[in-house]
Amino acid sequence: MEGNLPLIWRKFGERYDLDGNKCTTCGTAYFPARAVCPQCRRKGKLVDQKMPKTGKIITFTELFSGPAGFEHETPYFIAIIELDNKARLLSQVVDSEKEKVKVGARVEKVFRKISDIDPEGPIAYGYKFKVRD
Amino acid sequence: MRNVSIIGFGCTKFGEHWSKSFRQLIAEAGIEAIMSAGVEGKDIEALYGGSMASGKFIGQEHIGALIADQLGLNPIPATRVENACASGGTALRSGYMSIKSGEYDIVAVGGVEKMTDVGVEQAAIALGGAGDQETELFHGASFPALYALMAKAHMDKYGTTEEQMAAVSVKNHHNATLNPKAQFQREINVETVMKSGYIATPLKLLDCSPITDGAAAVILCESSKAREICEQPIEIIASEQTSDTLSLAARKSLTETKAAKIAAKRAFEKTKLSVKDIDFVEVHDCFTIAEILAIEALGFCPQGQGGKYTEEGKTALDGEIPVNVSGGLKGKGHPVGATGIAQAVEACLQLQDKAEKRQVKDAKIGLAHNVGGSGATCTLHMFKALEGKK
Amino acid sequence: MIGIVGYGTYIPKYRITVEEIARVWQKDGKAISKSLNVKEKAVGSLDEDAATIAVESARRAVSHAGIKAKDIGALYVGSESHPYAVKPTASIVADAIGASPDLTAADLEFACKAGTAGIQMCMGLVGSEIPKWIKYGMSIGADTAQGRPGDALEFTAASGGAAFIVGKKKEEIIAEIEDTYSFTTDTPDFWRRQQAEFPRHAGRFTGEPAYFKHVMRAAEGVMKMVKMKPKDFDYAVFHQPNGKFPIRVAKMLGFEREQIEQGLTTPHIGNTYSGSMMIGLSSVLDKAKAGDKILAVSYGSGAGSDAFVLKATKNIEKNRPTSVFEMFKDKEYIDYATYAKFRKKLKSL
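Residue numbers (my numbering), protein chains in the order written: chain C, 7 to 139; chain W, 4 to 393; chain F, 456 to 804.
There's no promise every hint is true.
[Unchecked claim] To list a few chain C residues with every Cβ distance to chain W over 12 angstroms, as calculated:
#1 E20
#2 C46
#3 T60
#4 E68
#5 E79
#6 E88
#7 K106
#8 P125
#9 R138
[Unchecked claim] Just a sample of chain C residues kept apart from chain F, beta carbon distances all over 12 angstroms, derived:
#10 P12
#11 L52
#12 D90
#13 Y133
[Said to hold, decoys possible] Distance condition first, Cα-Cα at most 35 angstroms in a straight line; then the derived DSBU-like pairs of lysine-lysine:
#14 W:K103 / W:K160
#15 C:K119 / F:K796
#16 F:K786 / C:K119
#17 F:K525 / F:K744
#18 C:K92 / F:K523
#19 F:K796 / C:K17
#20 F:K625 / C:K59
#21 F:K800 / C:K17
#22 F:K773 / C:K56
#23 W:K103 / W:K268
#24 C:K119 / F:K525
#25 C:K56 / F:K623
#26 C:K106 / F:K802
#27 C:K108 / F:K786
Treat the hints as calculated values from the structure; they're not laboratory data.
Quick caveat, the model's predicted, so the values are computed rather than measured.
Positions of the beta carbon are idealized from the N, C-alpha and C atoms, including for glycine.
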C-alpha cells in the first residue's frame with residue numbers, strides 16, 4: 007500500500023499491538039480508538055486499552071484479485087474478526103488451511119508485513135490473524 | 004415552499020473512452036444538458052460537480068472550476084462534491100439544497116469519472132479509498148472484498164445463493180442491451196456469471212460493475228420557474244442523504260445497509276408515499292449483492308428475500324418493480340462520480356416517456372439510490388413529472 | 456546469579472524438502488538429504504522476514520518468562536537478514552512487544568552467532584553495577600536465511616528464530632549461566648557484501664579451519680574454565696549448519712550421540728542461521744530437569760564461537776512452553792515455485 011512514512015508510523019501502536027480504547031460509561035471497546043463514544047457521546051469516558059489477541063471469524067472472503075501492492079499475495083483471505091471483547095476489525099487471515107477458514111473459527115493475532123512494495127522504501131508491519139488449531 | 008425540478012439533462016455513452024479526456028466527457032454531458040434545458044449559459048447561477056477520485060485517476064483536483072471553465076460558465080461559483088461512489092447523488096442534492104434555500108433559481112449539476120487512464124490495480128487503490136484506508140485498504144481489502152464480506156454474511160444468514168446474485172447481473176445486462184448508452188451490449192446467462200472467475204469469493208467477475216469512463220449532467224430549476232420554461236419538468240420530490248460508519252467492521256449488521264434504510268424511511272414519511280407508489284428504481288448495484296441489499300433496505304421486498312425476489316423476475320423490466328432498467332452500474336457501467344447523476348438522467352427519460360425499448364409503462368414516480376463506499380453514504384432521490392409549458 | 460528466565464521459538468509454517476529443491480536442479484535429492492542429514496527446511500511466507508520472526512519469538516519468550524515487557528532494559532536482535540541495512544530490527548521488536556521506550560536496543564551481526572553474542576551482552580548489562588536499572592535483557596537470533604538458487608546452501612538455508620531473556624532473580628531463573636567463553640579469529644569462510652543479494656562461501660574451507668576449529672576451541676575453553684568434561688554434561692548443543700557437522704564436532708570433542716540428540720533441530724527445519732543453536736538450546740530446555748548441565752556452542756562465520764555452560768534449576772519444571780519438537784508438527788509443504796515466490800527469488804518480486 008502506498009503511504010508516506012508518518013502515515014504508517016503513527017499507527018504502530020494500533021497495528022503492532024492492537025491499541026484501542028474503551029468507553030467506561032457503556033463498556034464498549036473500540037478498535038481503532040475513537041475520539042468520542044458514538045453511543046454516550048459527551049457522557050462517555052474513553053480510556054486507552056489494548057485489545058485481546060484472540061477472537062473469531064464473523065465473515066470472510068478469499069481474494070483472487072488484489073489492489074496495487076497486493077498483486078503477488080493472491081489468493082489471500084480477508085475476514086471480519088470479532089475479538090474476545092466484542093470489538094471487531096478487518097484483517098488478513100494467513101497460515102491457515104483453506105478448510106479451516108470458516109465462520110466461527112477461533113483466530114489469534116500474528117505479526118506480519120502488511121506491505122513491502124518498494125525495495126528501497128519503508129516496510130509496513132502490522133496485525134494479521136491465523137486460525138488456531 | 005420552493006421546490007426543485009430538472010429541466011435539462013445530458014449523458015455521454017458509458018464505456019472505455021480511450022480518445023476522450025475527463026474534461027471532454029464532462030463538457031459533452033454538460034453542453035447536452037444546457038442545450039436540452041432551453042436556457043442560456045448566463046442563466047446558470049452555480050455549479051456542483053461530483054467526482055470521486057479525479058486526483059488518483061488523472062492527477063487533477065479542483066474540478067469545480069475546471070468544469071465551469073470547460074462549459075464557459077465562469078465566473079459562477081463552482082464546487083466539487085466528493086462522497087466516494089455517491090459523489091453524483093450528493094452533487095445532485097447540493098444543487099437541490101442551493102435552490103431550496105432560495106439562493107439560486109437555476110443550477111448546473113454534473114458528475115464525471117475518467118477511470119481508464121490508470122491500470123486496474125491502481126484503479127482498485129483509487130476505489131479502495133471509498134472504504135476506510137487505515138483499517139481496510141491498508142490491509143489489502145479491495146472494494147470487491149468489502150462487498151464479498153457482506154455477500155458471504157447475507158448468504159450465511161438468509162440462504163442467498165450465488166445463482167440469485169447472478170440473476171441480478173443477468174437482468175441488468177439484459178436491460179443494458181436496451182440502453183444505447185450502456186457500456187455492455189450483450190446478454191449473459193446465469194451460467195456465464197457462475198463460470199466467470201472469482202474476484203473475491205463469493206463474488207465473481209460478472210458480479211462486479213466495470214471500470215468505466217463517462218459523465219452525466221442535469222440542470223436544476225426552481226419548480227414554478229421550471230413550469231414556465233420547460234415542457235415537462237421532472238420534480239425532485241424527495242432528497243435524502245444519510246451516513247454510516249466508514250469501516251464495515253464497525254457496523255452492527257453486515258447484512259443490512261442502515262444508511263439506505265433510514266434514507267428510505269424518511270423519504271417515504273415526508274412524501275407520504277409508499278413503495279407501492281414507485282414505478283421504477285435505479286439502485287446502486289456496484290456489485291450484485293449491493294442490488295439485493297438495496298431493494299431490501301428500500302423496502303421493495305422483505306429483509307433477506309432480495310435474492311429470491313430477483314431470481315423470480317420481480318425486479319425485471321416487466322416485473323412487479325422494475326429495478327435498474329437502465330442496466331444499472333453492472334450493465335450500463337459505473338463511472339463513479341457520474342453514476343448518481345446518470346440515475347437522475349434515467350429517471351427523466353422514463354418519466355418523460357423517452358426511454359424507448361426499456362420504457363416502463365405509465366411511469367409516474369421513480370426512485371434513485373446512490374451509495375458511497377460500502378454503505379457509509381447513501382443518497383436517495385424521488386422524481387415525478389410535472390405539467391410544464393404547452 | 457545470572458541466567459535464562461524465559462525463551463521463545465518461532466518456526467514458520469511452510470516446509471520445502473531437500474528432495475524438492477534437488478528436483479529443480481536435477482540432483483540426487485535422496486543422497487544430498489542423507490549426506491547433509493537434513494530432510495526439509497522451514498520457509499517464511501511472503502509476509503515474513505527476520506523482524507516478524509523476531510517479534511513472534513520475543514512474544515513467546517515474554518509470555519514464557521511471565522514478566523512485563525516494559526521491564527526489558529536491553530534488547531538485541533542478531534541476524535544476517537535484517538530487513539533494513541540501516542534501521543534497526545530491534546526497535547521494531549521493542550515496539551511490537553511493548554518493551555519501548557525505556558531500554559537500550561541494537562541489531563547485531565556476526566553471521567550465525569550474533570544472537571548468542573547478544574546473550575553475552577545481556578549478561579553483562581543485567582549483572583552489572585552500572586546501569587542498575589536493567590532488570591532483564593533479551594537477545595534474539597532470527598533469520599530468513601538466504602541461499603543462492605542452485606547453491607549448496609539452498610538445501611539448508613531456513614527461516615526461524617529464538618529469543619532468550621536473561622535475568623538475575625534466583626526465583627525466576629530456569630537455567631543458570633555458569634560461564635561463557637568465546638573464541639574469535641578473522642577467518643573469511645562465508646560472507647555477504649553490502650549490496651549483494653546472496654551470501655558466498657568458501658566451500659570446504661568452511662569446515663575444518665572454520666566451523667570445527669572455532670566450535671572446538673570455544674567448547675574446550677569453556678569446559679576448562681568450569682573444570683568439566685564432556686561426560687559431566689547431560690546435554691550438548693552446537694551450531695548446526697547441517698545435520699552432519701554438529702554430530703561430527705560432538706564426536707571429536709568426546710560427546711555421546713544421546714547428549715546432542717535433543718538439541719539437534721536442523722534435520723527437521725534446516726539451518727536457521729542466527730536461530731540455529733538457539734533453537735537447539737530451546738529444545739534442550741524443553742526437556743531439561745533441575746540440575747541438568749548443558750553445554751551450548753554457537754558458530755558464526757568470519758569467524759567465532761560463543762560457548763555457554765548452563766545448569767537447569769527447579770524453576771524450569773514449573774512452566775513448560777509448547778516444545779520445539781511440537782512446533783515442528785505444524786507445517787505445510789510447498790513446492791519450489793511457491794518457495795521461490797515466498798522468498799522473493801523471482802526477479803519481478
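Tested hints:
1. E20: At about 8 angstroms from chain W, E20 (chain C) fails to clear the 12 angstroms cut-off, so the statement is violated.
2. C46: 16 angstroms, holds
3. T60: T60 (chain C) clear of chain W: closest Cβ-Cβ about 16 angstroms, beyond 12 angstroms.
4. E68: 5 angstroms, violated
5. E79: 7 angstroms, violated
6. E88: 9 angstroms, violated
7. K106: Holds, because the least Cβ-Cβ distance between K106 (chain C) and chain W comes to about 15 angstroms, which exceeds 12 angstroms.
8. P125: Non-interface label on P125 (chain C) holds, nearest chain W Cβ at 18 angstroms vs cutoff 12 angstroms.
9. R138: The claim stands: R138 (chain C) keeps its Cβ more than 12 angstroms from every Cβ of chain W (closest is about 20 angstroms).
10. P12: 15 angstroms, holds
11. L52: 20 angstroms, holds
12. D90: With a cut-off of 12 angstroms, D90 (chain C) remains clear of chain F, as the shortest Cβ separation is near 16 angstroms.
13. Y133: Violated: least Cβ distance 10 angstroms, not greater than 12 angstroms.
14. W:K103 / W:K160: At roughly 42 angstroms apart (the allowed maximum being 35 angstroms), K160 (chain W) and K103 (chain W) break the hint.
15. C:K119 / F:K796: Given that 35 angstroms is the threshold and the Cα spacing comes to 15 angstroms, the pair holds.
16. F:K786 / C:K119: 20 angstroms, holds
17. F:K525 / F:K744: Judged against 35 angstroms, a Cα distance of about 29 angstroms means the pair holds.
18. C:K92 / F:K523: 25 angstroms, holds
19. F:K796 / C:K17: 29 angstroms, holds
20. F:K625 / C:K59: 31 angstroms, holds
21. F:K800 / C:K17: 31 angstroms, holds
22. F:K773 / C:K56: Given that 35 angstroms is the threshold and the Cα spacing comes to 28 angstroms, the pair holds.
23. W:K103 / W:K268: 21 angstroms, holds
24. C:K119 / F:K525: Roughly 24 angstroms separates the two Cα atoms, so the pair holds.
25. C:K56 / F:K623: Distance of about 29 angstroms is within 35 angstroms: holds.
26. C:K106 / F:K802: Roughly 33 angstroms separates the two Cα atoms, so the pair holds.
27. C:K108 / F:K786: 20 angstroms, holds
Checked against the numbered hints given earlier, this structure breaks hints 1, 4, 5, 6, 13 and 14; the rest are met.
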